[in-house]
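Trainee: This is what each chain is made of:
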Amino acid sequence: MSSPSDPLTSSSPIRSLPFLAAVAAVLMGLAIVLALVVAPEDADQGLSQRIFYIHVPIALTSYFCFGLGAWKALLLLWREDSRYDLESYVAIHQGTIFGALTLITGSIWAKASWGVWWTWSSNQLVLFLVLFLFYCAYFMLRFSLEDGPRRARSSAVYALFGIVLVPISFLAIRLAEDFIHPTVFTREGPQMTGTMFTAFCVSWTAVTFLAYVLYRVELAGKRLDADLRELREALAS
Amino acid sequence: MSGGEYLALAYGVVFVVVLAYVAIIAAKLARLQRETTEILELARSREAPPRSAEPVVQKISPTA
Amino acid sequence: MSYLADVAALTRKDLRVELRARDTLPAMLLFVLSTLVVFHFALPTGTADDAAYGLLWVAIVFTALLGLARAWVPEQEHGVLDGLVLAPCDRSAIWLGKTLATLVFLLAAQVVALPAFVLFFAPLDATALAGVLLANLGICAVGSLMAAMAAAGRARELLLPLLLLPLVIPLVVGGVGAAISPEGERYLLFLGLYDGVFAVLSWASFEYVVTE
Numbered sequence: 031m032s033s034p035s036d037p038l039t040s041s042s043p044i045r046s047l048p049f050l051a052a053v054a055a056v057l058m059g060l061a062i063v064l065a066l067v068v069a070p071e072d073a074d075q076g077l078s079q080r081i082f083y084i085h086v087p088i089a090l091t092s093y094f095c096f097g098l099g100a101w102k103a104l105l106l107l108w109r110e111d112s113r114y115d116l117e118s119y120v121a122i123h124q125g126t127i128f129g130a131l132t133l134i135t136g137s138i139w140a141k142a143s144w145g146v147w148w149t150w151s152s153n154q155l156v157l158f159l160v161l162f163l164f165y166c167a168y169f170m171l172r173f174s175l176e177d178g179p180r181r182a183r184s185s186a187v188y189a190l191f192g193i194v195l196v197p198i199s200f201l202a203i204r205l206a207e208d209f210i211h212p213t214v215f216t217r218e219g220p221q222m223t224g225t226m227f228t229a230f231c232v233s234w235t236a237v238t239f240l241a242y243v244l245y246r247v248e249l250a251g252k253r254l255d256a257d258l259r260e261l262r263e264a265l266a267s
Numbered sequence: 101m102s103g104g105e106y107l108a109l110a111y112g113v114v115f116v117v118v119l120a121y122v123a124i125i126a127a128k129l130a131r132l133q134r135e136t137t138e139i140l141e142l143a144r145s146r147e148a149p150p151r152s153a154e155p156v157v158q159k160i161s162p163t164a
Numbered sequence: 060m061s062y063l064a065d066v067a068a069l070t071r072k073d074l075r076v077e078l079r080a081r082d083t084l085p086a087m088l089l090f091v092l093s094t095l096v097v098f099h100f101a102l103p104t105g106t107a108d109d110a111a112y113g114l115l116w117v118a119i120v121f122t123a124l125l126g127l128a129r130a131w132v133p134e135q136e137h138g139v140l141d142g143l144v145l146a147p148c149d150r151s152a153i154w155l156g157k158t159l160a161t162l163v164f165l166l167a168a169q170v171v172a173l174p175a176f177v178l179f180f181a182p183l184d185a186t187a188l189a190g191v192l193l194a195n196l197g198i199c200a201v202g203s204l205m206a207a208m209a210a211a212g213r214a215r216e217l218l219l220p221l222l223l224l225p226l227v228i229p230l231v232v233g234g235v236g237a238a239i240s241p242e243g244e245r246y247l248l249f250l251g252l253y254d255g256v257f258a259v260l261s262w263a264s265f266e267y268v269v270t271e
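Chains as they are written, first to last, in this note's numbering: chain F, 31 to 267; chain Y, 101 to 164; chain L, 60 to 271.
These aren't lab readings, by the way, just hints derived from the structure by calculation. Heads up, some of the hints might be wrong.
[As the list claims (entries may be wrong)] These stretches of chain Y come out as covered by chain F in the derived footprint (C-beta under 8 Å, 3 or more residues):
no.	stretch
1	107–121
2	125–133
3	136–147
Cβ coordinates follow ideal geometry from the N, Cα and C atoms, glycine included.
For reference, chain F alone in the conformation it holds in the complex (with noise of 0.2 Å):
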């Protein structure tokens, strides 16, 4: 009964659930010491730029995530295997909590940097409310129609368009500059050196993994219940 692709346990040891939870693990508290301890201060915006660390990583994670539904949704819909859209459906529920904690996290290095909470001249974090708003509207999509082919089609359509609206809506955004609101707040772009950029791309690695673990778990426990209700009716009968 069990899928090719198990979510717990896998054929290969290397992928299997506990032993990648244990490299996300290892790697976030790698990514921790060298975020607030190895990686050298910023000189003009103090301790607070080590949000970036924690906060961009978090972000390129909730677009993977977003991709990762995308693409599970486009194998819904090519090869007619219902299998997908649960799986579509819980990336694009990681890439929505972490879409949230992107905001989160940017709001409070807005204030940090910025002294406001929120500010229209981010385009990162413009771009992250239109998609938040759009994901959001997904789970509105999947709670109004009934299980089913129907569901999960529309969910993958929806998912699909999801995708192309990131780099439509990034260019909008960028054309929205010039008239909505001028651009106040600059922020200095990456010239990081050798150790921030270190840092940052362990911080990044640790991120996605702790993303695919969260994907893993809860796919599995979605499995187990879809399961155990099917379990519950053949025995019922």
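Chains Y and L: place on chain F using the hints.
Mentor: Just chains Y and L now, with coordinates in the frame of chain F:
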């Protein structure tokens, strides 16, 4: 708030969210355990032979 | 080509239904005019003209939402959609027919709304009007698909705006930019890009949304 406090707030939020996730998984695990027990009971009750029929049959025979 | 004939037939059907019922178009006209009047009271004195263009786009988007929501209601209520899906035409023709019909309604509403806007608020030049036309295409194309998605579920009137509004944000940027920016052509190009990408995506994915 100083820069360091904002830094702690940002990392702290991430930490708390991950912990909240763990709590939700723990709750889900508890629910799955409960459901598995219920299904186990359901399976056991189907395997045991129905005991209600026997006493009726045994009562009739001594009087015959 | 029978594909275009199918599309033409479907568009004609929607237009004829509306001509007979005459409920959607008058509602859209009245809605957009009332909204413009509300905006006059909503804007404090001394607000720049540019703000009015922003409000024009809000009015257009919400009028389009009204038209889109109404467009799929008869299909869902009377099971017409199931009949159409079973018909031996390419499913995407249904989407194209619906998009064109909604586009006609939106344009008809704007024939009244745009002169009213110029009368009440601020002038519109050729670039601004081109922006309106291009954005209409985008709204109707994406909106038809989202309306079809929402129509299958509960609370479809609530769901359509939620699904559509984030997607419409780039169109509003393009439209307002075309109206007020000195480099309006950039925004027209962007609107064209949006239309191209999302119309193709909607056309290609409609089939997956309506089949069981």
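Trainee: Against the earlier hints, flag every one the structure doesn't satisfy and list their numbers going up.
Mentor: none
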